[in-house]
Every structure is written in structure tokens, then in C-alpha cells.
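Visitor: Heads up: the protein sequence lines correspond to chains A and B, in order. By the numbering used here, the letter at position 123 of the first sequence is numbered 123, and the numbering carries on one by one without gaps. By the numbering used here, the letter at position 96 of the second sequence is numbered 96, and the numbering carries on one by one without gaps.
Treat the hints with care, as some may be off.
Stated by the list, open to error - The calculated DSBU-like cross-link candidates involving lysine-lysine, where the alpha carbons are at most 30 Å apart (straight line), are:
no., chain 1, residue 1, chain 2, residue 2
1, B, K201, A, K201
2, A, K178, B, K104
3, A, K201, B, K178
4, A, K8, B, K104
5, B, K181, B, K104
6, A, K8, A, K188
7, B, K201, A, K178
Don't read these hints as lab results, they were simulated from the structure.
There are 2 protein chains.
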Amino acid sequence: MKQIEIIKDVLDANRVVAEENRKLLKEAGVFAINLMGSPGSGKTTVLERTLEHIAGKMWVGIIQGDITTSLDSERLQRFNVPIVQINTEPFGGDCHLGANLVQKALHSFDLNQIQLLVIENVGNLVCPAEFDIGENLKAVVFSVTEGEEKPLKYPLMFRECGLVLISKLDLLQYLDVKVEKMVENIRKINSQSKIIPLSAKTGEGMEDWVAFLKQKCK
Amino acid sequence: MKQIEIIKDVLDANRVVAEENRKLLKEAGVFAINLMGSPGSGKTTVLERTLEHIAGKMWVGIIQGDITTSLDSERLQRFNVPIVQINTEPFGGDCHLGANLVQKALHSFDLNQIQLLVIENVGNLVCPAEFDIGENLKAVVFSVTEGEEKPLKYPLMFRECGLVLISKLDLLQYLDVKVEKMVENIRKINSQSKIIPLSAKTGEGMEDWVAFLKQKCK
């Protein structure tokens with residue numbers, strides 16, 4: 001009982017800071033996406049391909065959340081957009097980003113120079129969904145290699161996310177998996193979320209995703 | 001600071017119960033594996049293929065950990081081995097199995113009728129690695145679709161695990177991923193762990209894995 005009370009306190013404290021972040025972002029006219037998903041679902045690869053489309057055309061900023069490395073930030077450096085790396089290891093090796101760490105990162109940007117902020121969370125289909133970080137949109141990258149039933153097994157993530165990017169479409173032909181079934185399972189949890197199937201490898205679906213981003217940052 | 005102290009208390013309390021579990025298993029001569037990995041890494045599929053090899057030849061028991069469904073247990077029912085489902089949802093939707101839930105499950109088995117107990121943990125490459133549940137061996141299923149660098153990004157899991165099953169070898173030919181590089185990255189974190197590459201789809205490597213299990217349960 002004690003433990004549950006404390007967890008509530010932590011979540012409440014997080015929510016207060018998340019609201020501050022949201023206000024900060026709103027004042028600067030920034031649209032912020034909290035990009036989540038399992039390890040290896042393709043978050044960074046989608047982001048690389050996205051930056052190929054929009055870097056230089058939109059003002060983009062990136063926050064990279066990771067437990068201990070800056071490998072993903074290094075992959076994105078060639079795009080010459082502002083990137084702030086958050087490592088959770090000095091803070092207990094947290095399995096998710098909290099609003100306080102994101103707030104510190106926000107202060108490292110000139111937010112008036114940013115239209116779109118993508119916050120890549122720690123790879124984890126469970127815990128990040130519990131923590132509001134002040135984003136405008138929660139999105140999950142869900143790869144076809146993970147199997148059709150994951151929305152049912154990890155419902156909080158799919159309930160919280162307004163956008164699902166079904167990734168790695170190029171591998172579909174080698175798997176016993178159907179996108180229709182993935183969509184059907186997402187719909188059992190969330191009837192409203194936008195769903196965009198894509199492949200960062202072949203480029204299929206990337207135009208829909210980029211159009212969605214442009215529309216959000218008008 | 002308060003929060004960190006409390007987390008220590010939780011981990012200490014967990015460790016005490018884990019030791020009780022370990023004693024219980026030892027007295028009954030059970031070898032217990034804590035099977036972890038990302039969502040969709042192939043834990044249940046590996047387990048299905050494993051049971052095809054050993055069900056009826058060894059006394060096997062399964063504990064299935066999941067947040068909210070019993071989908072994985074249902075997939076294993078055809079093997080007619082004792083299965084106990086643990087759902088963490090009534091306990092806060094925990095992102096990992098704790099020793100206390102495992103202890104409750106242990107009391108549902110006739111442990112004297114079991115040689116090998118496989119405990120499939122919640123799909124998560126982060127949190128389950130922190131919790132001793134009284135197992136004899138921690139193992140991680142790490143699929144080739146997750147990418148080569150994951151041991152560096154999720155070091156605690158690979159440090160804790162005495163066994164790594166590199167899964168989905170059948171998909172390797174469609175990916176820009178090398179098993180040698182995965183092994184090299186595992187070795188940067190853990191020089192001792194046993195590594196078995198396999199494909200539950202083609203059966204490649206399954207004999208090595210089954211031989212390993214038989215040897216452990218002699």
C-alpha cells in the first residue's frame with residue numbers, strides 16, 4: 001500500500017513538471033512528439049529517414065533518450081539539427097524519460113527556432129507510456145516483426161498513443177503477420193488513433209507520415 | 001533521495017523472497033530459467049519449438065508472465081505441460097515479474113514432478129533484469145531484427161544474463177545485421193555468457209539449445 005502511494009506521488013510530481021513543459025512549448029509554438037516503442041522497433045531509423053525529408057525545410061529539434069549511450073544521437077548528427085542527449089543512467093538507469101529530465105533538455109534549445117520537437121524515448125513498450133512529459137502527441141513505432149497481438153498485451157501504450165507508425169513493412173513478406181490484423185488489434189484498444197504503415201528502408205508510407213508532420217506544424 | 005531509498009527497500013525485500021524461491025527450487029531439484037527479452041523478440045515461439053523437442057521427455061513446467069492477457073499460455077496449452085499464468089495488472093501493471101508473484105505461482109505446481117521450470121517474463125529489455133526471482137539462470141532472447149547495438153544500449157540485461165539466445169536467424173538474410181557484430185557487442189558487456197544463435201522457424205540451432213537444457217537438468 002505504501003509503495004502504491006509513493007508511486008502516485010511520483011506520477012503527480014511528474015505531471016506538474018509536464019504541464020510546465022507543455023506551457024513552455026506552447027509559448028514558443030513548438031509541436032512536440034513523444035516517440036516510443038520496443039527496443040529495435042525502428043524509432044531511430046524512422047527518424048533518420050524523416051530528417052532526410054524535412055531537415056532544412058522545417059525547424060526540427062531532437063531529444064534523444066537512452067539509458068547509457070549516445071549511439072542514436074551520433075546517427076542523427078549528419079542532419080545538422082539541434083540534438084540534446086538525455087542519459088537516464090546517472091538518475092538510476094530509468095526505463096523511461098520523466099518530465100524533469102525533458103525540462104532540463106528543453107532549456108538547452110532556442111525553442112523559438114523550433115517548429116517540431118521529436119523526443120525519442122527509451123526503448124520500452126511498457127513504462128514510458130505512464131509518464132506525461134509535456135508532449136503534444138504520444139506516438140508508438142510498432143514493427144511488423146513484433147507480431148500482431150502486441151496491442152492486446154501492452155494496452156496502456158496503445159491506449160495512450162494518438163499515432164501508431166507500423167514499421168518495417170519491407171519485412172512483411174517474410175513473416176506470418178498481417179497488417180490488417182495489427183490494425184484490428186490496435187482498434188480493440190484505441191478506436192481513435194491515427195495509423196500509418198511505413199518502411200524506412202523502401203520509403204513506402206513515408207510521404208503520409210511527413211505530410212502528417214507538416215500539417216501538425218503549420 | 002527519498003525515492004532512491006525506497007527503491008532499495010523494494011529490491012532488498014524482493015531479494016529475500018527470491019532466496020526463498022531458490023531454496024524451494026533446489027530442494028525439489030528444479031532448474032529454473034528466467035526468460036527475458038523485448039516484446040516480439042520471440043520468447044514464446046522459442047518456447048513452443050523447445051516444447052516440441054522436450055515435452056514428454058523431460059518434466060517441464062512453465063510460468064507465463066504478462067501484464068494483462070493469457071495469449072502466450074494459450075499458445076502452449078497443446079503441449080499438456082503444467083502452466084501457471086501470472087498477470088501483473090492487478091498489481092499495478094508491473095513491467096516485470098517480482099519474486100513474490102513467482103512464489104505464489106511456485107505453490108501451484110507439484111515441484112517434485114518438475115525438472116525444468118521456464119519462467120517467461122514480461123516483454124521488456126530493461127526492468128526485468130533488475131529483479132532476482134530466484135531463478136538458476138537468467139536468459140535473454142535477442143532477435144536479429146532488434147539490431148546489433150542493443151547490448152550496448154541495454155547493458156544491465158546483457159550483464160545479468162548467463163545465456164543469450166540470438167533468435168530469428170531466418171530473417172538475417174533480409175537485414176543489414178551481422179551475428180558476429182551482435183556477439184562482439186555482447187562480449188563488450190559480458191565475457192562469460194553462453195551464446196546460442198537459433199531460428200525457431202527453421203529449427204537451426206535448436207539442437208544446441210535443447211542439448212544445453214538437457215545437460216542443465218541431468
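Visitor: Tell me the hint numbers this structure goes against, listed in increasing order.
Guide: 2 and 5
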